[in-house]
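> Take these sequences, add in the hints, and give me the full structure.
Going down the list, the sequences are from chains X and C.
Residues 34 to 678 (this note's numbering) make up the first sequence, in order.
Residues 34 to 678 (this note's numbering) make up the second sequence, in order.
The hints are simulated quantities; they were obtained by calculation from the structure and are not laboratory data.
Be careful, since some hints might not be right.
Since the list gives no way to pick one copy over another, a pair counts as held whenever it fits inside one copy or between any two copies.
Straight-line distance between alpha carbons at most 30 Å, and here's what the computed BS3-like set of lysine-lysine pairs gives [said to hold, decoys possible]:
| hint | residue 1 | residue 2 |
| --- | --- | --- |
| 1 | Lys37 | Lys678 |
| 2 | Lys424 | Lys189 |
| 3 | Lys540 | Lys80 |
| 4 | Lys639 | Lys189 |
| 5 | Lys369 | Lys296 |
| 6 | Lys105 | Lys117 |
2 protein chains.
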Amino acid sequence: MKYKVIFQPSGRRGEIEEGKTLREAAIELGVGIEQVCGGNKVCGKCKVQIQEGYFAKFDVHSSMNNLSPIGKEELRLLNEEEVKNNYRLACAARVQGDVLVFVPEESRVGGQIVRKAAGEINIELDPAVRKYYVELPPPTLEDPEGDYERLMRALKEQHGLEGLSMDYHALRALPLALREGKWKVTVTVWNDREIIGVEPGYNDRTLGIAFDVGTTTVVGYLTDINTGKVIAIDSMMNPQVSFGEDVMARITYAMEHEDGLQKMHEAIIGGINKIISNLCNKAQVGVEEISEIVLVGNTAMHHIYLNIYPEYLGVSPFTPAVHRSLDIKARDLNIKAAPGANVHVLPIEAGFVGADNMGVVVALEPEKKDDIWLIIDIGTNGEIVLGNKDKLLSTSCATGPAFEGAQITHGMRAAPGAIERVRIDPETKEPRYKVIGKEEWSDEVKSEARGICGSGIIEVVAEMFKAGIIKNSGVFNTKLDTPRIRKGENGQPEYVLAWADETAIGKDITVTQSDVRAVQLAKGALYTGCKILMKRYGIDAVDKVILAGAFGSYIDKEASMVIGMFPDCDLDKVVAVGNAAGDGARIALLNRRKREEANAVARRIKYIELTVDPDFQTEFMQAMYFPHMKDKFPHIQHILDKIPK
Amino acid sequence: MKYKVIFQPSGRRGEIEEGKTLREAAIELGVGIEQVCGGNKVCGKCKVQIQEGYFAKFDVHSSMNNLSPIGKEELRLLNEEEVKNNYRLACAARVQGDVLVFVPEESRVGGQIVRKAAGEINIELDPAVRKYYVELPPPTLEDPEGDYERLMRALKEQHGLEGLSMDYHALRALPLALREGKWKVTVTVWNDREIIGVEPGYNDRTLGIAFDVGTTTVVGYLTDINTGKVIAIDSMMNPQVSFGEDVMARITYAMEHEDGLQKMHEAIIGGINKIISNLCNKAQVGVEEISEIVLVGNTAMHHIYLNIYPEYLGVSPFTPAVHRSLDIKARDLNIKAAPGANVHVLPIEAGFVGADNMGVVVALEPEKKDDIWLIIDIGTNGEIVLGNKDKLLSTSCATGPAFEGAQITHGMRAAPGAIERVRIDPETKEPRYKVIGKEEWSDEVKSEARGICGSGIIEVVAEMFKAGIIKNSGVFNTKLDTPRIRKGENGQPEYVLAWADETAIGKDITVTQSDVRAVQLAKGALYTGCKILMKRYGIDAVDKVILAGAFGSYIDKEASMVIGMFPDCDLDKVVAVGNAAGDGARIALLNRRKREEANAVARRIKYIELTVDPDFQTEFMQAMYFPHMKDKFPHIQHILDKIPK
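Put into structure tokens, the structure is as follows:
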């Protein structure tokens, strides 16, 4: 006897043999229903709602229903509300008549979407690591087959998994796990290819960590791979900072010291491991529960955390050891995680455009857009990608650490006490500013400022330019009549942003001529990169400017255009997307198809080496001006027009 | 213009475009010609002899020949004799007319056969590790592609290799190797799948080590994988012996001590590493040149060297952790070899029939035979395989260490001074014997004996039985009138094989009643295993008996049948094949197809657990007799008939 079964929302339908489970029906009709336990009524992931043919209130009178009565396994896994609303487990309910079944989003294979709290990125869940629960028949003298072969048989029968290899450490764990779990175990499978872990009993919690390894800062996101939720975040200063502030300094350190690479490698691996234990402590989970790790970083960070000699990144023709993504056992890198865990390293584009930039691309997908986007990832090294679905170019420019508050007289990191917002009255040249950690501006409370962070530096220079304190060449106008402008210790002019008595450091906080020069060099480098990419692309303007990097979220769009960090654009089309590199790492942790896309797009992005461009020197010199020596900025012309001559 | 090119001995022929090399012609026509260097005229492996259309003596007059004139690269790689005999490099000689080309065996892909010096096993060379030489275009600013992608491009173009992954440590070595080799490198490829090593320049030497890890002895064979030749052999006592003499004792040690497994694992890995360095020292090669290692061992050794808990091997239903062969990075096992090297572990059949027995099967291929073979691997644990192409059964029996000279009053290992051959005069009961290290027998020289080794034990017991000194029940006939038979210290009877003054130890060397009992137990266990397997197979007699294991080569076939180690058989059909387990390991090192065959045949062999057989006790009791309580031995009946009553 057969009955009609219809699955919604897919609408798939068919005639199903009496007595088959809804799960068997779904498999027959090609409807993907989630399940970890292989139909063993353990995981409760295959919840479906019956819309016609079954009513929970009639369940005790099974003859009135077209499904088998609800069993005790189902009552254990469904809550009262669900039972009342005609929910059943697809692996338990058997067909006894026609039914209409609704598969809720969370029960659909590949149906889950993680919506990012702050931002526009949605991640479809298709992780490389997945857990499968299996129950094995114990061996007997008649069936003495070995543990591995027995497990493979069960995985094939219960989950349709075939041809898997097994990590050595998972194999080592197998005999004890099987016996401790009384022949019921959960296996962790990587990329449908390899069993990387075995644990006794049922456990569907799957954890991973996405790392953004910046030149200055390292951030780790402990993530629940089943839901995509970030459980804990931890960050620290990159411990390599003691070997050099920027990428070139670290490459040089590796070249000049025989154990330089080894030392820096150990430093960053130590940092990563520290973050891993902090994250596990915060979330009260064991390090051995971390099933996968994703790393992004610029090319130099990439080479150093992989312990690959980075010299050739730093000399022409700037060749990296490898572009494509890598999967390396965490134990080979001495990274603490589950014994069989892999580390996935995102691909890199070219010598100086690294995996962090790939993270941005993975998160934003410019390769799928019609509009031409200019993506600027501002860090110690500026990385730029330009293009759309037709063509993508990239480059990198040595912005230096000015935007991170370094090499600035009163520069500091974005921490409490740092000046982050500045307004200067164009008439009086008097400033107002706001420090991190206080709600009110400096004209309302004593600021207790300690220094100026990156976004503050950009704003104060923009405001000084708008108020006529510095000229478009960056030179101070020393003829203005205000005590704020004075000669500093070494005779160079400076602007007093905060008087000693309002600060927490008991000293005037000033912006000096050389601070302005550092900003000019940094913004000039970025602008030149954008300009040359646009020239090579054959365009005069872009449709959208994306400011990536945590830093990009804090800077004022108008101020950064006023100083000419990037070419003119409608300010509404300038968007900050936060730490897109970190987003890219999280996406790669949650969706393996995106990893393949990243490899493909990395090979499509053409790298442009700026310094060999014949116009580079001229362009750079012109870009040092505020906002530029020659280029027009129609979208902020009204602001520029107001600057006192 | 096209010309006719014929390759011999395959006879493949076709029309080839003028100017193509013979190598290109061979590829077009599907003729496999060896090459390591990818046609770069570096390796000289593609030597061919031109039989028509080219004569070296006319070479300077190129118009008289149908091939391009010989070049200086060829003259460097061919010797004078070869040049005179019209040899050319296929990658250099270009077609200018019709030619008949002979491809010698050593230039044929897969054509090389290693003939074993002593034995009947030939190994076709098809190793898992192969070297490929490639020349890369150096990167430029116009072509700045990374090292890995550049290498992959060249491997595809020059060797047709695609889709390779790269071991992490090979990747680490890549940037320096490329630059040190001036963009010419040799890569080591494992199983057409993974690049496991990179070295600068051209180097086709490929080395591997095959290990036979016995319960008592560990042997390593350093092998040239390109020729199959064994370069050096080294062996040592298994360092685990201090944790227990036999397999059960070691399993018990692992169960009873929390760090027992770890300690034994470290001991055997230490032993393996010691052998590796000894082998490398002997052959004057670097440990990092060892590209692959093959391990065979019985199931307990297998689990312990893999650091897998062995308890479940020792308790019913005797389930191993895994049957199939494994490939594990040497570094994961802390085995010293090239950083990317793999360890291949041969499959195991069942709880007590391990990878060493698989070695025997791989070497002897009973699964391809019509005749029914009985393969007996005699060690501390006896392993038996019975069958032919239709069906294969196996079992194992606890023979104990008696055959290795242990648990015998004057037992010793097969070393100088050990009595290995014995004859006893049936009339006088006076013995003659021969010790290892002396050419003459004891009636010609002073023997300076130190003890009795395994083969000596079997012979002396057989001779004592034939001379009527012991009865078929093993009991001494104390009524014989000879000073050789006496009561020993503890009152039990003993036979004096050597008087104190002829030995090197200054003591009488005797065979006691309990020594005879130990031999009875050991041979009874073996015989019972054979018998029950034959019963299950449904046969009364076998076509051939194969004695495997180094020990099998030393024992006297007749003596072993007289004591009843195995069922009756034509003595001409009893063959000793030496250390077949070691041969199996060497074969797996040199031929990867054999590895797959081993997996397939391992799954076909049905394991029979002796102790659960209802007849086991009875059979064992009857098998304790010399040669047996009931079974007939027609092939040695003439010997048995002569035994004095």
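> Each hint needs a verdict: does it hold in this structure or not?
Verification of the supplied hints:
Neither within a single protomer nor between protomers do Lys37 and Lys678 lie at most 30 Å apart by alpha-carbon distance, with minima of 83 Å and 88 Å respectively. In this homomeric assembly, Lys424 and Lys189 come within 30 Å of each other (Cα to Cα) only across copies, at 27 Å, whereas the closest approach inside a single copy is 44 Å. With identical chains, the CA atoms of Lys540 and Lys80 are never at most 30 Å apart, being 65 Å at best within one copy and 83 Å at best between copies. Taking identical chains as interchangeable, the C-alpha atoms of Lys639 and Lys189 lie at most 30 Å apart only when they sit on different chains, with a minimum of 22 Å there against 44 Å within one chain.
Proximity of Lys369 and Lys296 under a CA criterion of 30 Å is satisfied in both settings, with 18 Å inside one chain copy and 24 Å between copies. In this assembly of identical chains, the alpha carbons of Lys105 and Lys117 lie at most 30 Å apart only when taken from the same copy (15 Å versus 89 Å across copies).
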